[in-house]
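A.B. asks: Residue numbers (the working numbering), protein chains in the order written: chain W, 1 to 293; chain D, 1 to 452; chain B, 1 to 282.
Simulated from the structure, these hints should not be mistaken for lab results. Hints are supplied without guarantee of correctness; some may be wrong.
Straight-line C-alpha distance at most 25 Å; calculated PhoX-like pairs for lysine-lysine [said to hold, decoys possible]: (1) D:K200 <-> W:K36; (2) D:K128 <-> W:K140; (3) D:K383 <-> W:K36; (4) D:K452 <-> D:K433; (5) W:K150 <-> D:K337; (6) D:K52 <-> B:K111; (7) W:K3 <-> B:K52; (8) W:K36 <-> D:K452; (9) D:K452 <-> D:K73; (10) D:K73 <-> D:K383; (11) D:K358 <-> D:K130; (12) W:K3 <-> B:K109; (13) D:K52 <-> D:K450; (14) B:K73 <-> D:K73; (15) D:K433 <-> D:K200; (16) D:K379 <-> W:K140; (17) D:K281 <-> B:K109.
Quantities reported herein were computed from a predicted structural model and do not represent experimental measurements.
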Amino acid sequence: MTKRTAPYLFCAPFILTFAIFMVYPMIDMIYRSFYKLEGIRSYRFVGFDNYHRIATDPHIGNAIWTTLGFTAGIVAVNLVLPLLLALALNNKLTPFRNLFRSAFYIPALTSVVVAGIFFRLFLAGNADTPLNAAMRLFGKEPREWLFDTKMTGIVALVLTSTWRWLGLNILYFLSALQTISRELYDAAHVDGANTLQRFRHVTLPGIRPIILFVTTILTYGGLRMFGESYVLWNGNTPGDIGLTIVLYIYRTAFGQFDMGYASAMSVLFFLLLMVLNFFYIQSMGIGSRREER
Amino acid sequence: MKRLRAILALSVLTTAMLAGCSSSGSDDTGSGNSSGGKQTSEAKQQSANGGKTPLTFWTYVEQHSEFFQDAAKTWNEKHPDEQIEIKTETYPIEEMHSKLLITLQSGDGAPDIVDVNVARFSDFMQGKEKVFVPLNEVIEPEKGSFLEPVLDIYKYDGNYYGIEYHVGSPMMFYNTEILDQAGVKVEDIVTWDDLHEAGKKVLQATGKPIITFEVKDSWSYYIMAGERGGDYFDEKGNTIIDSEENAKTLAFMLEMLKDGTAVTTPGGGFHTEEYYGFMSKNGAASMLECMWYMGRFTDYMPELSGKIRMAPPPVWDANSVYPVFGGTATSVTTLSKHQDLAVRFLAEAKISAEGAGKIWNVLGFDPLRWDIWGTDVMKQDNKFTQYFGKDIFDIVIGMKDKFHTSNITASPKFSLANSLVAGDILFKVLSEKSETPEEALKSAADQIEKAK
Amino acid sequence: MNLVRQGYAYRIGISIVLLLLAAASLGPFIYLLVISFVTDMSQVFKNGIALKITPEMLSLDSYRLLLQDDGGKYFSWFMNSIMVTVLFTVLSISFCSMVGYGITMYEFKGKTTILVLVMSTMMIPVETLIIPLYNEINLFHLTNSYFGVVLPFAVAPFTIFFFLQYAQSLSKDFMEAARIDGCGEFRIFLTVMAPLMKPAFSAMIILQATTAWNDFLWPLIVMSNSEDFTLTVGIQTYLSPYGNNYNLLFAGGVVSVIPVIMLFFACQRLFMEGIMQGGIKG
């Protein structure tokens with residue numbers, strides 16, 4: 001293997017998987033978006049009907065709103081909170097660092113099914129649930145958190161996802177913080193930099209790739225949110241509260257067997273994500289190595 | 001560096017060991033294949049059945065799987081020369097239907113016998129190719145003693161493609177303790193207006209609502225609207241979800257909500273933990289569901305034992321009917337390699353008088369076979385008769401002539417309509433109050449038309 | 001002296017904050033653990049969720065039930081989960097580290113294209129591709145097999161992306177030095193560069209193992225026989241529209257977490273050894 005052929009061999013597993021398990025299903029999806037499933041195996045050609053239907057579907061707007069709201073929320077919360085916690089956990093002065101790190105990660109090990117049931121009950125409307133009991137302490141009326149407004153729905157989603165994924169994001173930041181050489185800090189210290197300056201000039205540049213990484217996966221994870229929404233609302237989202245785009249597509253496909261329409265929505269959703277993706281790659285220069293040394 | 005290589009080596013070793021473990025484990029059943037489960041489980045089936053014909057059964061209800069296991073035992077006792085080995089799989093409801101669709105589409109891996117939810121049944125009945133086997137030869141001879149409106153749910157062009165477990169007779173469950181406090185008698189509540197009036201007395205005497213309305217589940221609304229001829233589709237599958245009957249039903253519910261004689265159901269539906277808690281603390285004086293809801297009372301609200309009285313639901317007027325729509329059909333797939341055997345087994349399990357008795361005593365459902373309703377089989381001591389008394393089926397017998405088939409399987413868009421009712425209409429009209437009944441129903445009708 | 005006092009203040013302050021957050025983090029988990037011992041689940045769910053759990057309500061019944069249910073089906077689920085997880089994790093981290101490393105460390109024609117493809121696959125919601133994927137797996141005769149569960153998603157774009165990002169902090173100088181020593185490219189990766197990415201490996205082992213362990217939708221579609229289910233799929237069958245078996249659900253859920261927790265603690269030590277002893281010396 002020479003230096004010229006090496007990169008292609010390194011990338012081969014991806015190229016193969018991509019061709020077999022992505023390109024083919026995608027073509028199938030695009031093809032089906034022009035058809036309508038009638039019965040079990042017979043598809044009828046309907047032209048652009050499925051795409052026209054998207055324009056007038058009242059649920060689409062709600063699903064987009066919830067998805068974007070959730071994405072904004074999850075990115076904001078899960079960038080700041082884990083970074084701060086990782087800094088604390090990376091600090092030698094902090095006691096019981098390993099214990100805390102484990103404590104934050106353990107929720108990520110529970111399956112979304114079990115976690116979803118807990119939060120469904122935790123956010124239930126009865127006056128005696130812990131959350132509503134707390135509300136009462138503040139003199140507020142108990143609420144049906146999962147069925148109140150689209151906003152409380154989004155908050156519920158952010159809460160459940162953050163509970164599960166906080167520890168993982170802490171891990172990401174920690175693994176990056178550990179790559180920053182101790183000597184850089186020492187040098188900065190000798191130069192008389194204070195904590196904040198050291199954070200800005202040593203830590204931040206050092207963890208830049210991981211910040212990008214976390215932002216990216218949070219954005220994509222947010223946009224394709226499915227699991228928590230599926231479990232929290234148990235397959236039924238009254239008033240479209242908690243209805244995300246992927247959940248809507250999934251339900252259209254498997255709840256109503258409306259494969260053509262679900263495919264059309266997927267195709268549009270995919271195009272939308274491609275645009276976003278292009279923007280991401282352009283603006284962040286991901287992949288081009290920073291010039292160093 | 002060495003450490004990393006050691007770790008990689010270790011993990012590969014672990015994989016190999018685990019693979020080894022599993023293959024040596026499955027050697028007992030005659031297969032040494034370590035690469036996957038497929039051969040393993042096939043081999044298991046062959047060696048284990050010893051001349052028995054294997055039949056697979058898929059369901060989304062654990063109890064149904066037990067019911068069929070039991071039925072297979074009975075079958076094998078009666079047919080020593082035609083032994084069967086039933087293999088049951090229980091999946092979550094939505095995933096089971098997805099899996100059924102996918103396997104039927106690919107023509108591979110579908111079960112012999114399968115439970116299909118009534119709201120999803122028409123999805124499988126579209127198009128020219130039939131995926132289920134007609135059951136006419138086993139149903140028609142027994143038709144006289146069966147409740148036809150329920151049989152007809154799964155009838156397409158004169159063929160029966162599924163057989164139901166239960167009638168799913170609409171039923172009102174009254175909390176007599178609350179009614180007694182308000183001096184209201186169950187017998188006096190004949191119409192929905194009677195219920196509304198009684199509700200005012202209950203509210204005054206106890207401060208409690210007489211009934212709760214679901215806002216994220218559709219069935220109690222479906223019963224109420226169905227009594228006066230409302231439905232989502234007509235017999236031919238045309239959309240009538242925005243009919244006057246439906247709008248009037250919603251308006252009536254709104255009225256009761258307004259004066260507090262009704263509230264929206266805690267948790268949004270009758271199958272939530274919140275609701276069980278609410279009801280078991282005497283939260284409301286009544287509820288409307290199908291008869292099989294008895295199981296929920298016995299399992300989740302044991303403290304109400306003896307306090308709950310079942311009665312026919314209130315009606316709108318003398319012309320009202322009781323809509324019946326079953327719940328779960330069992331069908332035999334055309335992909336089955338043992339269709340004939342599967343059909344005859346299904347008939348013995350669910351159609352025979354003995355099977356019908358078990359549907360009541362084991363599953364707690366009202367069987368379609370009404371000729372046994374009056375017999376002592378239905379008065380046997382079980383957890384339902386202990387909870388509700390011995391004369392449960394006398395109530396159903398009194399309602400029998402007014403049963404009317406719902407058009408629940410008339411259009412493949414029923415699942416969409418149902419999700420719009422459960423997810424949109426009831427919530428927006430009754431809970432959010434952001435749309436009038438007419439607006440919400442019209443919007444749903446538009447969406448259904450576009451989806452056709 | 002002042003510095004020492006500052007240190008104490010920091011320690012106390014940060015401990016309080018972390019303790020509160022850890023309580024919020026572990027609270028639900030501990031709660032689930034406790035109620036998995038409750039015999040009569042209806043007591044728990046009376047009011048949405050009960051906080052008062054008295055010792056009289058507790059017993060080992062749920063666990064006994066779990067072991068006996070359906071001839072110990074839980075054990076075969078457990079075994080399947082381990083197989084799927086190990087297979088998935090090994091394949092995934094081997095391939096993904098290669099791809100991520102390859103993209104970052106080399107300049108080559110088509111690099112940008114591959115990068116864009118990786119990024120694009122990352123956001124394809126697989127839920128929408130399930131039907132064609134199933135047909136494909138069926139074509140390859142991989143239904144009801146571990147490989148059917150693992151293969152389509154083993155080369156995960158997220159993981160590639162993680163290694164790719166991580167590799168950016170590696171210096172090419174090591175590669176050059178190794179080349180001069182006459183090392184082949186793959187050997188350089190395996191013996192020089194991969195060890196430098198050790199923290200990335202440990203993080204990804206944990207992540208991929210958790211993902212594989214908790215994956216639900218796809219294994220359910222691929223596996224038809226209940227003895228072939230993974231734990232997460234199997235546990236979900238305890239939920240049904242005609243009543244949920246909470247006893248088995250929670251006991252099963254708790255037991256299912258144990259292996260992943262063990263793995264987490266095992267890998268965590270490796271994680272702590274960290275990169276300091278590795279190759280980057282500024």
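A.B. asks: With reference to the structure, classify each hint as holding or not holding.
C.D. replies: Structure-based check of all given hints:
| no. | hint | in the structure |
| --- | --- | --- |
| 1 | D:K200 <-> W:K36 | 51 Å, violated |
| 2 | D:K128 <-> W:K140 | 59 Å, violated |
| 3 | D:K383 <-> W:K36 | 48 Å, violated |
| 4 | D:K452 <-> D:K433 | 28 Å, violated |
| 5 | W:K150 <-> D:K337 | 50 Å, violated |
| 6 | D:K52 <-> B:K111 | 59 Å, violated |
| 7 | W:K3 <-> B:K52 | 66 Å, violated |
| 8 | W:K36 <-> D:K452 | 9 Å, holds |
| 9 | D:K452 <-> D:K73 | 45 Å, violated |
| 10 | D:K73 <-> D:K383 | 24 Å, holds |
| 11 | D:K358 <-> D:K130 | 30 Å, violated |
| 12 | W:K3 <-> B:K109 | 13 Å, holds |
| 13 | D:K52 <-> D:K450 | 50 Å, violated |
| 14 | B:K73 <-> D:K73 | 21 Å, holds |
| 15 | D:K433 <-> D:K200 | 22 Å, holds |
| 16 | D:K379 <-> W:K140 | 51 Å, violated |
| 17 | D:K281 <-> B:K109 | 71 Å, violated |
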